[in-house]
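**Student:** Each chain, written out:
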Amino acid sequence: MKAFVKAVLAATLFTTTTAATAHDMVPAGPQTEPVLLQNGTVYTITNGVLENADVLFDDGKIVAVGTNLEVPAQAQVIDITGKHVYPGLIALDTTLGLVEIGAVRASDDQNEVGAITPEVSGHIAYNPDSEIIPTVRYNGVTHAEVVPQGELIMGRSSLLKTDGWTYEDSAESLNVALHVNWPRAGLNTAWWERRSPAEQRKANAEALQRLKDAFTEARAYYDAKLAGETNGTDLRWEAMSDLFTGTIQLFVHADDKRQIEQAVEFSKEYGFDLVIVGGRDAWRVTELLATEQVPVIYGAMYGLPTRDDEPYDQAYRTPALLAQAGVDFALAYPGYWDVRNLAFGAGNSVAYGLDREAALAAITLKPAQLMGVDAELGSIEVGKNASLIVSDGDILDHREHGVELMFIDGGRVDLNNRHLQLYNKYKQKP
Amino acid sequence: MSSKYHLSGIAAALLATMSGAVGASQTTTVQGLHDNSSQFFALQNATIVTEPGQRIENATLVIRNGKIERINRNNQAPAGARVLDLTGHIIYPGFIDPYSNYGVAEPGERQRGGWRSQPPVYNNKREGGNAGNDAIHSQYDWVDSVKTDAKAARAYVEQGFTAVQSARLDGIFQGQAVTLSLADKIPNNIIYNPYGRHFGSFDKGSSEQQYPSSLMGSIALVRQTLSDANWYEQAFGKQAHNGPVEYNAALQELIEIEREGLVFKVSDDKSLLRAHDVLSRFNVPATYVGSNFEYARVDAIKSTNSTLILPLNFPAAPEVNGVNDHLDVSLADLRHWERAPSNAAVMAQAGIDFAFTLSDLQKQSDFWPNLRKAVAHGLSQEDALAALTTIPARIAGVADKAGKLAPGYMADFVVADGDLFQQGEIQSVWLQGQQVEMKPLRQAVLAGDFSVELANQTLPLTIKAGKRMSGELTLAGETIALRNLERDDAQVQFVFDAELAGMNGAWRVRMGQTSATGYSGIAVSPSGRELPLRAERVADAASAPEKTETSVNYASRVTFPNVAFGLDGLPPRQNLHIKNATVWTADEQGVLENADILIRDGKFERIGTDLRTPRGFTVIDAEGKHVTPGIIDEHSHIAIDRGVNEGSEAITAEVRIGDVVNPDDIHIYRSLAGGTTMAQLLHGSANPIGGQAQVIKLRWGGTAEQLKFDAAPPSIKFALGENVKQSNWGSNYTVRYPQTRMGVETIMRDGFTAALEYRQRLREYDKLSRREKEQTAPPRPDYRLNTLLEILDSERFVHAHSYVQSEILMLIRLAEEFDFTLTTFTHILEGYKVASEMAKHGAGGSTFADWWAYKFEVYDAIPQNACLMQDKGVLTSVNSDSNDLQRRLNTEAAKSVTYCGMSEHEALQLVTLNPAKQLKVDEYVGSITEGKHADFVIWNDHPLSAYASPDSTWINARKFFDRDADLAMRDAVAAEKQALIQKLLASPAAARQGDNGGYKKPQPTWECNTEHDVWLDAFTVHSHD
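Going line by line, the protein sequences match chains A and B. Residues 22 to 451, numbered by the working numbering, are exactly what the first sequence covers, in order. Residues 34 to 1058, numbered by the working numbering, are exactly what the second sequence covers, in order.
No lab work stands behind these hints: they were computed from the structure. C-beta atoms are modelled at their ideal positions from N, C-alpha and C, and glycine is treated no differently. Heads up, a few of these hints could be off.
[Claimed, not checked] In silico EDC-like links for lysine to aspartate or glutamate, alpha-carbon gap of 20 Å or less: (1) B:Lys950 to B:Asp643; (2) A:Lys278 to B:Asp361; (3) B:Lys1034 to A:Glu331.
[What the hints assert, rightly or not] Some but not every residue of chain B turned toward chain A, in silico, with C-beta under 7 Å: (4) Phe454; (5) Ile699; (6) Met843; (7) Ala886; (8) Gln897; (9) Thr924; (10) Ser978; (11) Tyr980; (12) Gly1031; (13) Lys1033; (14) Pro1037; (15) Glu1040.
Using the sequences and the hints, build the whole thing.
**Tutor:** Encoded structure:
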């Protein structure tokens, strides 16, 4: 009952509340005293794995990483012998906080009306009191990219901490990327499709033209505004102007080979910094992605094969194929409640050929880089934010995964959650 | 011109004028003059194919008044007969299409496709003694309303057909067909068999009624309806418990179906076997209208001993011209493109009788090209002709009057100008002695090389035939192209530009045939002068190059199933000695290090250390490997065809997943690759009492029957909560009872009460004296209530989809009241709240590892559920309900280690021994125990680790998955696909053309809550669980 003990530890030692009450996890707030984690296995991501090492952080920043660090005055010392320390996991491509219960429409703020909604921002509807969030951070996720959903131009995503009073309090980086859902480029062979191949091709071409037209409009608006020639404010094209000033990145959701190729070509025309999200077929175009230095946020670590004829493990081994070909990539687990399986999904990529260090980087440092926050997050280095997790063992493996401590910006996060609460309540039922 | 070249024109004109007269009937009052034109013909000098394999050269066919009088083996025509010279022609018996809707009214339109926008219809209108279900039309005798339709007939006649068996092709029982001639006469004169076969299909057709909404629902309805017909035969005229037995015309008409037979349309090879299974149990002799997929399961089809009716609609080739098109094309479709034309030949070689039908062809003019394709793929001409004549005559019940050329048979025949199965073309079709001419009997030869005498010059002329004629004239060594070439039956005309006889300009020419090689005509000079022209044909036109294939080399393989990663057959059973493994027994022995396993005859024989290898055993060195029992999934929806829910009515206990097992589903193979060897295929959760479940072993390569695990006792799906009260189905679905959890309880109570009262009536009836039975109707056998009785008798075990604690408790108390024990609550995400109540009742729980928050009733789901249930003594398992999760149930089980510290061996039992117990098959499978089936997995790592994957997966000591073999197979799949694409790219247009949409449609990813009417092709809801 090793994990059981650890759950109780989390529930009692590091929270001030009893387990069975309603959502009353109090945000950690700023770090108030130096903390020294002593004698653990430290996965720095950037400097290898340090055995029997210490991590010292103060004022929200990592101050020292090494062995036998001196204990500062007033420091809280936590013995983590035998445990593993990682940077907090960063979950990309989620709708965390935008939806509480999938089938209950009133609780769903994922999708604004209209095919072209660049003006909406994910953080605006983020519910920091969502019961989902504490269950996700329980599995090591300290930050999540919150992405509006949509048909063509989905809106802008923000990177939020999984602990905070408000979305402002939770903000790590707002409006990081503009998300485009690339129109279908191939034929839909799914069971429900009734259009002929010709009709499908026509519809695909029309959708692509709509998307391109929106960018043309946005660019024209931007140029007109620079020249002082606008008729008035257009929130859609305002939101896209940041693309032309280079202050926001372009994230294109594309799975099919043809979508990826089109997106790369399109993005080159405008000179955008492109990131592919999804990337099921990325293994088919590794040369293009490597040459053009287009990173991929791969989201099908547990995917079924995309096509009937693909090997059973095609989606499983795609991260390994990307790594082999030198494509820059992060791993994501799109969704909301199921985002908590992020580390396990990365573990599955290891089972199918990905190097373990690369898998860890793909859910820590790589996402930090893609979110533009790698100076603060994503690795355990002096000067970076003290966003750390301490796990009972290997975080990628179900057998050992067990987050006992979490710090975001040095503040100790309450790991209690709805599931622990119900668990502890019903353990008491006769 | 000689008279020979005029004859056909006169004959045709004469015959055309006669058609009205021939159509007169004995009972129609004659208006005006009586028509007594001669109906006495002799067709001379013909080759007559009297029936398949019988051929008479230089014979004379004598016909009188629509019938064949005799066939003379010489050129003697009887005196008084009108003689036609058919030198060089072949006469075949007229073709018969045994599956047609000629001359009957079309059904009304109904909404198809998309999401349903109308409120559902649960009951049909009752009128005229019809059936209780609107898809049953057996009361119709189509002879009563059939009409002559000259335009529709023409489409058949053009292909050589002279008779059809016809009914409205609508619904499940479609009524009794009529066999009739396609002659343009009043119906009274063309009916060959007023009461042919019944027609049927699994498609509910124009019915708007909800039930059945799935293939298994249709099969259940066929079963109940045939049973009802048997009952009605005994019961009508007697007293039932609640009044006299109703009049039911639909059942009345089905009483004779055992004698009359059924033509039943199926959509693929699998459904043919399904139909045969249900129909043969009621001794209904059935002929199946097939799909051209039969070749993929020829042995199973052969074993039904059925006759088939095959459409000749081969699919158009998948598009592969674009550089990325291969991404959208599956190997299975490419294979079928190549193999579909071989289907008839494969059936013939297997000794299966079949007829051809024009039905299902998008373009009827494709019939002959496709038939020749079938011949090129190895179908003998004799079998092809039988499929057009004698066999359909038998199916249509007219073998005594049609399908052959013999005295006394109808004068229905086809005249061709050559061998029809090669390049011959139909010249005319005779229906009841009445000719329909397709092209003139004698057409002037107007193509070739000619020597033309014009204006005292000899000019070489060449005319080429073809859709667009062309030609050239040589004058003074110069080649002049002809312009404006046109021809009719007798003459050709054209223009050429030249200086000839001193006149320069455009010359107009017309010439016609006067003898075998002689021609004459006129030329009009540029000045307007008419000059005579004579010509001699010195060489025939070169015949067009052969375009159709004459023999076929296949690039494709045929595997079981016939998709990528299919096998040549079931893998062989092996006797094995597994050495030095870490063995997770999943029984009380726990985990054994460095252990050996001996496997003999498909069973675990011994488990120990340092065992000796018996002679002939294959040794597997498993050092560093882990061996576990095969994973068992209590809740799966893979391998199900055409609907996981019969979600129409609240109780559908009569439907059977076992009727619709789909052995072609690639998820069987993918799940094997994840270590799963057994799954319970459950009906969905759209109604409180759903359908009967089917336990399968994942024997990839087997037929549906071979997948079934017969030793598993019967089970059934119940469901509670949001799905059954249609909470997430939209505002149209608010009329079915129940709409609340209260009503779920009462509808089940009502069902069980009705079942008990039904049993009481059966018992009371049995006690009646013979005299009383003459007055009293037996209770109608009811498959639905019988199934409920099996539950109450603890002969069928309940797996109940459930989430919240109130409904769990409700069902426990209801079961206790009716004195049976619930076997397993499945999903059961709030099981932890009532675990002690479940344990006390004796119910197991099969949960998702960590799903929650996707709908309101799962908001209290927790990943510690399995631990809490297990701790309280509930027999607990973890299930997938998903074709994805079914591939990795080992790590789903591991989540109970992660979240609540379950021991690893116990966690493995969540997906091995415990589900085996829940399925009541633990005496056979679920653990590595001596005497149990050798269903096991060899893992490359600790089986609960994220890093583990199966090296091999075995069922009854047959290796169904092997990582190395898989790596080789993916190369083979890629190579075969490339070869087929190459072949396709090199193929002429004729080999690529065909019907649209002729491939098997991929089956949806069925989930518990997929509510899809497969017949209306409409969705109400599709969501996770």
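**Student:** Indicate, hint by hint, whether the structure satisfies it.
**Tutor:** Quick rundown of the hints versus the structure:
{"no.": "1", "hint": "B:Lys950 to B:Asp643", "verdict": "violated, 31 Å"}
{"no.": "2", "hint": "A:Lys278 to B:Asp361", "verdict": "holds, 11 Å"}
{"no.": "3", "hint": "B:Lys1034 to A:Glu331", "verdict": "holds, 18 Å"}
{"no.": "4", "hint": "Phe454", "verdict": "violated, 33 Å"}
{"no.": "5", "hint": "Ile699", "verdict": "holds, 6 Å"}
{"no.": "6", "hint": "Met843", "verdict": "violated, 18 Å"}
{"no.": "7", "hint": "Ala886", "verdict": "holds, 4 Å"}
{"no.": "8", "hint": "Gln897", "verdict": "holds, 4 Å"}
{"no.": "9", "hint": "Thr924", "verdict": "holds, 5 Å"}
{"no.": "10", "hint": "Ser978", "verdict": "holds, 5 Å"}
{"no.": "11", "hint": "Tyr980", "verdict": "holds, 5 Å"}
{"no.": "12", "hint": "Gly1031", "verdict": "violated, 13 Å"}
{"no.": "13", "hint": "Lys1033", "verdict": "violated, 11 Å"}
{"no.": "14", "hint": "Pro1037", "verdict": "holds, 5 Å"}
{"no.": "15", "hint": "Glu1040", "verdict": "violated, 13 Å"}
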